[in-house]
Structure formats: C-alpha cells, structure tokens
Amino acid sequence: MPFPTHFLWGGATSANQIEGAYLEDGKCLSVDDVIGRLVPSNATQAQPTRKRSLTEVSSAEIEEAIHSTDMSRYAKRHGIDFYHHYKEDIALLAQMGFNVFRLSIAWSRIFPEAHGQSNPAGLAFYEDVFRTLKAYGIEPLVTISHYDAPLYIATDYHGWQNREVLDLFIRFMHTVVDHFHPYVKYWLTFNELDGIKHHPFDAGALVEDHFAPEDFETAIYQATHHQLLASALTVQYVHQIDPDAQVGCMTAYHPFYPMTPDPQDVLDAMKKTEESLESTDIQVFGAYSPALIKQLEQRKIHIQMDEKDAEILAHGTVDFVSFSYYSSATATSHPLEEEDGDIYTFINGPRNPYLKKSEWGSAIDPLGLRISLNQLYARYHLPLFIVENGLGAKDVLQADGTIEDDERIAYLKEHLICLHDAIQIDCIPVMGYTSWGCIDCVSAGSSQMSKRYGFIYVDLDDEGQGTYRRYPKKSFYWYQRVIATNGASLFENETKNAV
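Numbering (our numbering), first residue to last: 178 to 676.
Just so you know, not all the hints are guaranteed correct.
Under the rule of at most 20 Å between Cα atoms (straight-line distance), these lysine-lysine pairs were calculated in the PhoX-like manner [to be verified]: (1) 471 - 374; (2) 533 - 471; (3) 590 - 651; (4) 448 - 471; (5) 485 - 534; (6) 362 - 311; (7) 311 - 374; (8) 651 - 571; (9) 374 - 448.
These are calculated hints, taken from the structure and not from any lab test.
Go ahead and model the full structure; you've got the sequences and the hints to work with.
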C-alpha cells in the first residue's frame, strides 16, 4: 500500500546554510555569520563552564569575525549562493517531483537594524522565491526562525534572555506573516527550540562570557521562555490572519534506549526523553508541567514571567508537531569510560552494539524513526511531520559529472519503509517528509561542505573553492521515482522477489 494520497514529499533547508549574499541588498550580519570552521583562532577564550558546542563563540571571537573577510573560514557567509541560484535550484526540486519545500526566512535580511524599517529588497527576494515555488506547484513550509538571529540581538541585547528581543521578534514575525501569508499554508515557529540548551549562541544569541558563570543556565531558560512566548504569539497571529493556515512546532527527537534492563537505565532513558521534550510539551499543552516547575525550583533557576504569560502560552498551542530524526541514543546510569555519538551533536551515550555508525559517528537506526513516530503520537495526539532526516556523507564528483551515492539511497530507503509502516500499520497520522539538505549545504555544526546530505551536488569544497555548479546525484533519480510512485517503488524489489 502506498503513502496517503495527499502526502507531502520534499526536502528541507535553512537560510543561513544556503543563501549566502551575507551583506548583499541591505542584509546585516547574523549570529551564524560569525561562527567559523574549526581552525586555530587568534582570539583567546577562557575555559567554558560546560561542554562547549561547536557553534559557540566568545566575545573576542565575535569581534574577530566582524572584522574578518575570510569567506572560507566563515562558510555560511557564502552558503551555496541560493540567493542567486534559487530559480535554478527550485526547478531541480520540481524535476524531482517535490510538492513541499522547507526553507526559512533570515531575520537579518528583513530587519538589518533593530528599530529600522523593513528591508524592501529582502521582502522582494522571498516573495519571488515563493512565487517561483507556487509556479511549480510546490508548497513552502516556512520556518520563521532557524538559528540565525541578527548579530545585534547577541551584541546589543545579550540574546533572547532579554524580553525586549521578544518585541523585536514579534515585529519581524508580523511583517513576514503579513507579506507572505497568501503563499504559505504551513508554518514552523522555531527550528529545534529545545536546542538552545545545547548550543545557546546560534539558537538563542547568548554569548556565555556576557554572563556570570552561575547565571548562565538561568539565562538559557529565560531565553527559552521568551521563545516559547514568541511561538505562542506566532500561532495566534497566523490563525488571526489566515484561519486555514497550520502552524507547527519543531523539535530534535531521538528515542533513548536503556542500555540494559537495569531499572536505573530505564529510568535514565525516560528522564532524558522527558528533558528533550520540555519545550515541545509547552508548545503542545500550553503550560509548564508541574514536574518541570519543580525541577527548576530545585536547581534554583528562576524564570521571570509576566502575569499574562500563562494565558499567552495557553492560547498559542500548535496545530501539528514536526521533528528532525537522524539517530537514536542510548542511556545508562552507570559511569562510561567513553561516550559514543556524532561529534557535532550532544546526543551521546554508550555505543549501541546492534547499530552501525555513519562516517560522523551517528547511529544508523531506521526502526528508531518508527519508534519515534509512535512515541510522539502517543504523547501528543497531533499530526506529525518529519522535517529533517538524512545521511551526511562525503560524495565524489566523477569526471563524467555523476555522483554514486548508494549509501545515502540505502539509508533513506530503510527509513522511508519504517515511516510507511508507522503510517499503514501503526495508524500514525503523518503529514509529510522533507529530507534534510536536499541540495548540498554548509553544515550547521562544523561549517563544512564535505558533510553532504543532498540529492543535488554543489561544486564547492570546505575552503569555499568551486564553480557552484549543480549536479544531480544518483539519489536524485531514486527519490524522483519514490515521489512519482507515492512510495510504491520502495517495495518493488520485494514484490519481484515474491513473484
């Protein structure tokens, strides 16, 4: 049995990883424009008080980046130049048969100054992107905030912990929704809102050395609270402007498996799951849970709230839950000699001996996607949308212009079969599937080009050298057939073998 008739097939990107043109047509620097590749820096940095994310920077590093013109080090400044290639890129997506494309809107392109006027060139760019998508019959799935706040939010306002930033965001959001609601049916408020705990700079514009060490965790939760309010107010506003539009939240999800049957390991896995869904729970249920309130009290984290905040959260619950899924994780209460996991994430734990690993260390677990869908639907009873999934790998461009990415095809096929089973066997309502980085883009964590996810190869290396020419990979034609058959081609070999 194929996928549902109106299933949304496509791919996902973010503005900061594909657009480039980082100072063109009025755009200002964003937080991601000052996150460099892992190379020696002349800036000094004090020892961080917690495990440091690869996307964290110090005040000195920000100052160094502001004055740097090194496009190879700050790769997101050039991205894949979607800003000038979007018509070509969208045509390729349409050739694959996409009926949905996830993208984000760069706040720094719409409001280059905190209190200035909106930028006409930025609005015109996105409007033409949406018009082009619509001309091909592709629905835009728009993330309003995807880890790329204007840099002035970090330097002038000390990040999202400052309630003034909420007001600035609401102005940006109103502008975006007012201009683009005729083109957009599906909105996401924040990308992986839960991620602010793991990489607070790009997710929350928080610079750790702006705060006393004992205050930084509170700043993270205060920033999270303001983003939750922003999410709820976005839901309310979109519904006011367009009652037929749907607004979802987005979380990074990975099922935690207990390493052993030891009840302590089971409890540890359960607690890690609860922690990972703190923000999603609030976006779905409209309130902080009693357990979370108690935990914050015990950890002496006091979130400043206005009297109206509870009402805002209660009246701004989402219509659907979207999530990224790349791998599962294991949990144990026992000490570990060595952690296992993707070196660019914080999803680490003991190695699962039953699963293979990707080149970057992530556990490859297709069945984990089916498990995730069941867990999330049992918890929320809302439609689900898989908005990120894929395999980061090194691809080789052959002399004849072909790219044989059979490993990616195998990864995606196994995951899509498990998605199919969750829909058809487990009766989980899933709106659609957008693979991550459908066209090669700069890696979020490492700012590399060599960690490629796409169906379309972009001729660009880690040093920013290349022609920017696009080449369809073998997976391009494979995914094209998956979409054309609404998933039936995933089972063709099995059908032939059965005959």
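Quick rundown of the hints versus the structure:
Among the hinted pairs, residue 471 with residue 374 is consistent with the structure: their alpha-carbon atoms are about 18 Å apart, no more than 20 Å. For the given pair, residue 533 sits about 39 Å from residue 471 by alpha-carbon distance, which is inconsistent with the 20 Å threshold. Between residue 590 and residue 651 the CA atoms are separated by roughly 13 Å; this keeps the pair inside 20 Å, and the hint holds. The straight-line distance between the Cα atoms of residue 448 and residue 471 is roughly 14 Å, inside the 20 Å bound, and the hint therefore holds.
As the CA atoms of residue 485 and residue 534 are separated by approximately 47 Å, the hinted pair breaks the 20 Å bound. As the CA atoms of residue 362 and residue 311 are separated by approximately 11 Å, the hinted pair is consistent with the 20 Å bound. Pair hint residue 311 plus residue 374 does not hold up; C-alpha atoms about 36 Å apart against a cutoff of 20 Å. For the suggested pair residue 651 and residue 571, the alpha carbons sit about 14 Å apart, so the restraint of at most 20 Å is met.
For the proposed pair residue 374 and residue 448, the alpha carbon gap of about 16 Å is at most 20 Å, so the pair holds.
The structure shown violates the earlier hints numbered 2, 5, 7.
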